[in-house]
Amino acid sequence: MKEAIKSRELIVLDGVDVIIRGTYHKICEQNPGLQSNGVTKDRIGVLFLNGFMATRASNGDAAVYWADSFAKLGYPSFRLDLPGYGDSDENPPLEWLNFINLGGYATIASAKMRELVTRYNLAGVIIAGHCAGAVSAIYAAAAGRECKGLVLLDPYFHFQKTVRSKIRRRLNLWTWQSRVGGFLSSIYNVLKEIRLALRRNTAPENANVPLLRCWKELASSGLPILILKAPVRKTPGMKPRIGEFDYLGYALRLAGRMSRVVVKVADGADHSFANRLGRDAVRVHAEQWLGEYFPIGSWKEEGAIALYPERPNKIGMKIASCV
Amino acid sequence: METQSTMNPALLEQARYFTVRDAHLYTVLHQVASPIARVLLVGPFASERHFSYHTWVRWARYLAARKIEVLRYDYRGIGESTGTFEDMGFETWSEDVQLLAEWFKKRSPNVPLMLHGLEIGAILAAQSFQMGVGDALLLWSPAASANQALRSSLLRWARLEQLFESPENRRSASDYIRQLEQGSVIEVQGYQWSSRLWRDSSHCHLPDNIGDGGALCKVNNKPVRSIRFGKDPSSVAMPYARYDEVKELGGLYSLSFDWITEALKESTGGHNERSD
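Going line by line, the protein sequences match chains A and B. Numbering-wise, the first sequence is residues 1 to 323 according to our numbering. Numbering-wise, the second sequence is residues 1 to 276 according to our numbering.
The hints are simulated quantities; they were obtained by calculation from the structure and are not laboratory data. Be aware that one or more of the hints could be misleading.
DSS-like cross-link-like pairs, simulated, lysine-lysine; straight-line CA separation at most 27 Å [stated by the list, open to error]: (1) Lys-2/A with Lys-106/B; (2) Lys-2/A with Lys-105/B; (3) Lys-231/B with Lys-105/B; (4) Lys-264/A with Lys-229/A; (5) Lys-67/B with Lys-2/A; (6) Lys-231/B with Lys-247/B; (7) Lys-229/A with Lys-192/A; (8) Lys-231/B with Lys-67/B; (9) Lys-72/A with Lys-2/A.
In silico negatives: residues of chain A with every beta carbon more than 10 Å from chain B [said to hold, decoys possible]: (10) Ala-123; (11) Asn-201; (12) Asn-206; (13) Gly-249; (14) Arg-253; (15) Arg-257; (16) Arg-260; (17) Ala-281; (18) Gln-288; (19) Gly-297.
Even for Gly, the Cβ is constructed at its ideal location relative to N, Cα and C.
Isolated chain A (complex conformation) (with noise of 0.2 Å):
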C-alpha cells in the first residue's frame, strides 16, 4: 500500500484545521524540463472543486481525465473534496445547495489553495468548477489572491430549487414526452419570453446577487475566465432555453470591456461534461486557453504574469461583501 505511484499522489491538506483530502496529478517526468519531484517551482497549477453531490472524481471519472490530461502537459494538478463531499470527513450541510449557492466553500476552499501554492511553490492557481463547483470557484477566486483564473463549466448565476415538487416533475415530463405537451410547453415558453421582453434584461428575483457581485470584481478586474457552456435541446449556441432569462449574457454585459472572459460551447456535450464528447471538448479547449494565457515556461519572464500581474488585494477584502 502506498500513497503515491508515478503519475498520482494521495494528499491531505490539513491547514486552518480542517482535514481536506485529495489527489495530486504530477507532471509528466517524460515533458524535458518539468520537475516531477512535487516540488513545481513557479508553475501555475489547476485545482478542481467539487460539482453538487459529486465526488472529487466527477460525473464518469471526468476531472481524473482532464487532471491527468492537464498535468501531462505540464499543470500540476489537484482534485479535492471538500467539506461535505467524498471522502471529507463532514456531512453535507442541511441546505448543501443553498450553502454553495451563498459561498460557504469559499472561505476554505480559497485556504486550501493557499495551502497548495505553499506546499507545492506554485506561482498560482487556476480553479476549475463544474455547475455548482463552478459557483464555488467564483468565490473561492474573489476570495484568495493566488487564483490567476478560472474554468467554469456550466456555471448558473441564480438560486435553484433543490428538489422539484412531484407534480412538476411529472408536467415536465408529460411536456417532454408528449405531443400535446409539447405544444402547450411552446406557449409557455412563449408567454415567458414575452414577460422577459417587459423586463427589458433586468435580472429576475432568483438571481444570485452575491455571486454576481464577486463574478462582476473579478471579470471586471481582467483575470482570465474560461466557460464552457453544453449546448442545451432546441437552442443551439450560447442561448439559454426559450423563456429563461440569459443570465451568461447578463453576466458578461457586467463584466465590462476590459474582461477577458471567453465562452465556448461544447459540442456534444451533455450538462455532466462525462460523456466522451463533452470531456474532450472540454480538454481541448481548456488546454487551449491555458497555453494562450498560461503559457509553460513564460510563467515568471513574460507569460501571462505579465499580461495579468499581481491581483490587487481589494477583491479578497470584498468577499465579505460578497457573501
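Position chain B relative to chain A; hints supplied.
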C-alpha cells in the same frame, strides 16, 4: 452556516494505492485499534459509484465507530483507481476482491473477515465467499446476474437521456441493448460499455445457494444475509437516493450492524461483544 462534523478524531482513515497487475487500486482503510472484525466493502458498478459514494463512506464510518475495521476501494479502471475502464471486466474486478481480501485478512488472521457487497459488488463478493474467502457475507441489493444490474442501470440512464433528446433522437434502453448485442460500444454515465462487457455480464451470476430475497442462509456453514430494497424483489433497487437528497439510512445501518454482531458471535463462538 457550517458543515456538520461527524468525524471522531480517534478514528483513522488512510487512503492508499494497492498495486495489482497493470493498475493501482484506490483504497481507504478505516483503521481501528484492536478491531473485533474486519469488513471489506465491495461496491456497485461504475455508473452507480457516483450515487452510492456517500452511503458507502458513512457506512464505513458507522462500522469503524463500533470497532469494526473497514476497507473500501474503487475497482480497476474506475474512480480514483488507475487503469482504463474499457480494458477491464468481471474477471479483473473479481480478482480485485480476492487480492484485497487476502491483504486485509493478513493484517491479523485471527480477526474474522466479512465481505459486504452492493449490487454487482454483491455478486463479486458472493463468488469469492463461495470459494472460501471470508467468514460471513452481507449483501445489499444483490442482482441475480451482472447482466440484470447492467440492464437496470441502462434503463435508468436511458430514461434520463430521453428527457434531453429531441423526439427524433430519443432512444430506448432496448435500442442500446440491440447496439451492444450487435457489437457496438455505448456510453453510459461517461463509461464505455463494450459488447464484451455486456456478453460477459450474462455469465457473472450470484451463486445459486446465495441470496434469495431477504434471506438468511448458510454457505459452507458460514452465515449469509441478503437485504433487498424496493417493492419488487426482482428489481435492483438501491438503498440510496439517486439525486437531490441525502437519504436517512440509520435503520438500514443498524439492522445490518445487528446482523453482523450476531454473525460474528456465530463465527467466533460468542467471543466478540458489541462495543457500543
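Are all C-beta atoms of chain B more than 10 Å from that of Ala-281/A? Non-interface label on Ala-281/A holds, nearest chain B Cβ at 13 Å vs cutoff 10 Å.
Restraint status (C-alpha distance of Lys-229/A to Lys-192/A at most 27 Å): holds, 23 Å
Beyond 10 Å from every Cβ of chain B: is that where the Cβ of Ala-123/A lies? With a cut-off of 10 Å, Ala-123/A remains clear of chain B, as the shortest Cβ separation is near 27 Å.
Is it true that the CA of Lys-72/A sits at most 27 Å from the CA of Lys-2/A? At roughly 22 Å apart (the allowed maximum being 27 Å), Lys-2/A and Lys-72/A satisfy the hint.
Using Cβ atoms and 10 Å as the threshold, tell me whether Asn-206/A really stays out of contact range of chain B. holds, 18 Å
27 Å Cα cutoff - pair Lys-231/B, Lys-247/B: holds, 17 Å
Is the Cβ of Arg-260/A farther than 10 Å from every Cβ of chain B? Per Cβ check, Arg-260/A is outside 10 Å of chain B; nearest 31 Å; holds.
Taking 27 Å as the top limit, are the C-alpha atoms of Lys-264/A and Lys-229/A close enough? Judged against 27 Å, a Cα distance of about 6 Å means the pair holds.
27 Å Cα cutoff - pair Lys-2/A, Lys-105/B: holds, 18 Å
Lys-231/B and Lys-105/B: Cα distance at most 27 Å? Distance of about 36 Å is beyond 27 Å: violated.
Taking 10 Å as the cut and beta carbons as the points, is Gly-297/A off the interface with chain B? Fine: 28 Å to the nearest Cβ keeps Gly-297/A off the interface.
For Lys-231/B and Lys-67/B, compute the direct alpha-carbon distance and say whether it is at most 27 Å. violated, 33 Å
The structure is inconsistent with the numbered hints 3 and 8, although it conforms to all the rest.
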